[in-house]
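2 protein chains.
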Amino acid sequence: MKSKKSNEDKEKEKFLKEFTSFVQDRGFIWGPSPEIYGGVAGFYTYGPMGRLLKLKVEESVRKTFRANDFWEIETPIVLPDIVWKASGHLDTFSDKSVECSKCKGLFRVDNIIEDVTGDPCTHYSDQQFLNAINKNNIKCPSCGGDFKYEIFVQNLMMKTKVAGKDSSLRPETATVTYLPFKRYYKFFRGKLPIGVFQIGKVFRNEISPRQHVIRGREFTQAEAQIFLDPDTKNEWERYEEIKNEKLPFWSWQSQESGKKPSVMTVESAIKKKLFKTKSYAWCVWLAYTQFINMGVPENRMRLRQHNPDEKAFYADDAWDIEIYFQSFGWTECCGVHDRTDYDLTQHEKFSKEQLSAVKEDGTKFKPHILEIAFGTDRPTLALLDIFYEKKEKEHGKTLFQIPYHLAPVELMIYPLSKKPELTKIAKKIRKELETEFDLSYDESGSIGKRYLRAAELGVPYCVTIDFDSTKKKDVTIRDRDSEKQIRVKISDLKETLKKLIKGDLKFARAGKEIKAK
Amino acid sequence: MKSKKSNEDKEKEKFLKEFTSFVQDRGFIWGPSPEIYGGVAGFYTYGPMGRLLKLKVEESVRKTFRANDFWEIETPIVLPDIVWKASGHLDTFSDKSVECSKCKGLFRVDNIIEDVTGDPCTHYSDQQFLNAINKNNIKCPSCGGDFKYEIFVQNLMMKTKVAGKDSSLRPETATVTYLPFKRYYKFFRGKLPIGVFQIGKVFRNEISPRQHVIRGREFTQAEAQIFLDPDTKNEWERYEEIKNEKLPFWSWQSQESGKKPSVMTVESAIKKKLFKTKSYAWCVWLAYTQFINMGVPENRMRLRQHNPDEKAFYADDAWDIEIYFQSFGWTECCGVHDRTDYDLTQHEKFSKEQLSAVKEDGTKFKPHILEIAFGTDRPTLALLDIFYEKKEKEHGKTLFQIPYHLAPVELMIYPLSKKPELTKIAKKIRKELETEFDLSYDESGSIGKRYLRAAELGVPYCVTIDFDSTKKKDVTIRDRDSEKQIRVKISDLKETLKKLIKGDLKFARAGKEIKAK
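Respectively, the protein sequence lines represent chains A and B.
Mapping of the first sequence onto the numbering used here: position 413 corresponds to residue 413, and the numbering continues sequentially without gaps.
Mapping of the second sequence onto the numbering used here: position 467 corresponds to residue 467, and the numbering continues sequentially without gaps.
Keep in mind that the hints were calculated from the coordinates and are not lab data.
Fair warning: there could be bad hints in the mix.
Heads up, the list lumps identical chains together, so a pair's fine if it works in one copy or across two of them.
Stated by the list, open to error - Simulated pairs of lysine-lysine, DSSO-like, Cα-Cα distance not exceeding 27 Å: (1) Lys-276 / Lys-159; (2) Lys-260 / Lys-182; (3) Lys-352 / Lys-12; (4) Lys-182 / Lys-233; (5) Lys-104 / Lys-159; (6) Lys-17 / Lys-186; (7) Lys-502 / Lys-102; (8) Lys-498 / Lys-428; (9) Lys-506 / Lys-431.
Please read all numbers here as calculations on a predicted model, not as lab measurements.
With the hints as constraints, model all of the structure from the sequences given.
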């Protein structure tokens, strides 16, 4: 068992090494940042390709939320500490760690135990943590030294001061999105449900940042909230539209009895009491749909229910979405929570402002909050991890086979050479296409090398302008995956490419096929 | 003179009061945030309409930079203090203030003097500041108390700690964008010029945040850099494409002699030595083009050259773009700087990493940096300020006449009533259009009131589904500015609306005009 795990680990390590160099060298993600100053663990920089890919992910998030009646807002990142006192973060948002008696390094105690035993232990008591360290004879992963027999609690908030007053950087967008509830309620003319979301940076002073951008100290969250009347949680119009969709549900009972997730309709899941309410079930469906729309394949995802012991004290229903990474295995990428009236009650208490809504009959009530919370860094890395491929046989050939409509750069414009008669046409084509496509223009290097570079960056189509273009007013389009080429009139180019990228036209039918040179 | 200024001020104050309530009540910008906790000066929240508008501004920035060969990156916000030591921010990024001896309030000394005298005094010595306070008998604006005879220097960096180490929140994106120069140089295969940009949050511990989002403590910057060989600053291919474009240049000599800006071509400006190099002149043109593309009208902008005394010590050429706000008058909204090799030299010194490039003949050199720096909050507020109009005569009628292609919401979908036969068609239309447009669906309230609400939010077109729609399969489109209505087949709706919003089709020709009911 142990040696099998080691082999798996070795394979993962080999993959991770190659994959990290692909991610860095191809301009996706660099770090830890700032690299020239040695880097600080948990901070990363998205290069030109990575930023475009992350933008595609974020555009997809926006589109999906908007199409489901969520409105985007943007709040501050830095807030006074009374907010975090009310939310509970100041008192309880912390990790437990142990210190190495030799090198004085601090390590998250659940991480170092899980790395050795493979068993989740997040919910151990301090005594259980210390017992596990002793029992498994766990040593410091940096220097091999012994750990002190003591658990430290480290708060994860990054602190600052504004005009001399204690403030903190938000560790999530969620809390800050709840605060303007009165503004929403007025703007939407006193009608519930209200859906809002926010995409933005958050900060956590993690003890041991690890697994690349999976657990960073600064990262981007995308969190959506629905404020609703608790009496209407089972009257959810949009549930009817999706109740027959099939999703891979992994109930906590199945997890405990070692069973796999079951693919079933949302309606069946409701009947089996996997969810308490239709509105919550719809949120789980929407969260799953977010990742499908981002391009994560179905077979890489599962929906995992929280064990009753694992749920936060305020949470009613709680499910996660997990994605399978080649590099790190199954990884939590999204949480969906019924937070009940916990947050509005807390902020009402601390702010002394009434945060309630009114029914048609005039009775006041405290809205409940359903929440979908995920980051955009993990799915961005997931897309790289899933669609990166190194062809072992053809040495040095690296492919990034991301779905065409999500590619960071959609088109390359290549004049065959730097001759002015070619670059003139190529630049004109660039100008006509650049408002419609994410494209790049490149005139240097052999055309073969340029095609290889494009494939490494996942560019679906290369448009090449050659000497025939000057006479026949047509160009070559090369398809990334089939490596086939067709000839298309310049006048038809924009419409043809639009249809190709949308998937409305098959490549073979888009023009006359030519043999690759 | 003094009383005239007061009248102007009163009008501005009246405008500002009405404008602020428009901006808040219509869901654009709320604050100071967090409102339920009393708010902290200099922090704001963008509501559903404000976020959409700011996104339009940011999309425009991205499109314009990308079309001009700049690549977007995303770096951390929090960086270790060695970075800010190298950049000079830790030692010199500060404001001078005076303290009220009565209420102990701290005020930026240049602000309180300028508010009374109207004269810029940013570059006064400490003694000159104190003399100006005495001479003009300036009292504390909060309590009327006397100021202490002492100048305080307050650093503007927001500090934090990461894993116990001193770090700061970036006060600009620029410095952080310089740091991965080696990565860019490798990714772009050793070829200069390299253009990069970043859009993201920055933080400044301002002593007196003021003028709404104009001077906040947390705001969004959009900053672009070109790394180039200093020997090629006058060989700038793209300059040739724009040299005949006319811009409103206000040289420092014209400013000093009380003259207005002169509209002239970029080429004339070069001949008059307003710029030292063609590459820098092109950057000034590009910065101006950014604001034109965002929708700021030409007559609201001017390009102001820095006085030689005012320039930062490292800056070679330095110009600002100013926009005229109804609420605040002429306001700096963008700076364009030739930063020479100052930054790479500093970071090379502090990081001990070589930050240089190599010419074709093998000689090493330090690239220069040309920089365009602006925020996205100021232009967002500028668009609100410029296109907001309160019709005094028709009581309560407020318009937001933003250019159609920049409107936060492009379309409203209105079933005439909540009858299922109408809402069914309306929802189907919504589903078909929502992938193409920023739209909103609303079925409550009288249609007249809904049209008024749409006009207040600047929505260009309202699509109304009425009882004729069920039989004739057509709908009404109402135009915001003309308030006219036409009838269009549902099957033609998407294409018609696309052309209307792009400006490719005139409303009167898009369908059969009908009389408003």
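Each hint tested on the structure:
Within a single copy, Lys-276 and Lys-159 get their C-alpha atoms no closer than 38 Å, and across copies no closer than 45 Å, so neither meets the 27 Å cut-off. For a Cα distance limit of 27 Å, the shortest separation of Lys-260 from Lys-182 qualifies neither inside one copy, at 44 Å, nor across copies, at 47 Å. Proximity of Lys-352 and Lys-12 under a CA criterion of 27 Å is satisfied in neither setting, with 53 Å inside one chain copy and 34 Å between copies. Taking the shortest alpha-carbon separations for Lys-182 and Lys-233, only the intra-copy value of 21 Å comes in at or below 27 Å, while the best inter-copy value is 54 Å.
For the identical chains of this complex, Lys-104 and Lys-159 are neighbours both inside a copy (23 Å) and across copies (25 Å), given an alpha-carbon limit of 27 Å. Proximity of Lys-17 and Lys-186 under a CA criterion of 27 Å is satisfied inter-copy only: 19 Å between copies versus 53 Å inside one chain copy. Proximity of Lys-502 to Lys-102 under the C-alpha cut-off of 27 Å is found in neither arrangement, the shortest distances being 58 Å within a copy and 67 Å between copies. In the homo-oligomer, the alpha carbons of Lys-498 and Lys-428 lie at most 27 Å apart both inside one protomer (18 Å) and across protomers (25 Å), since each shortest distance falls under that limit.
For a Cα distance limit of 27 Å, the shortest separation of Lys-506 from Lys-431 qualifies both inside one copy, at 25 Å, and across copies, at 25 Å.
Hints 1, 2, 3 and 7, counting from the list given before, are not met by this structure.
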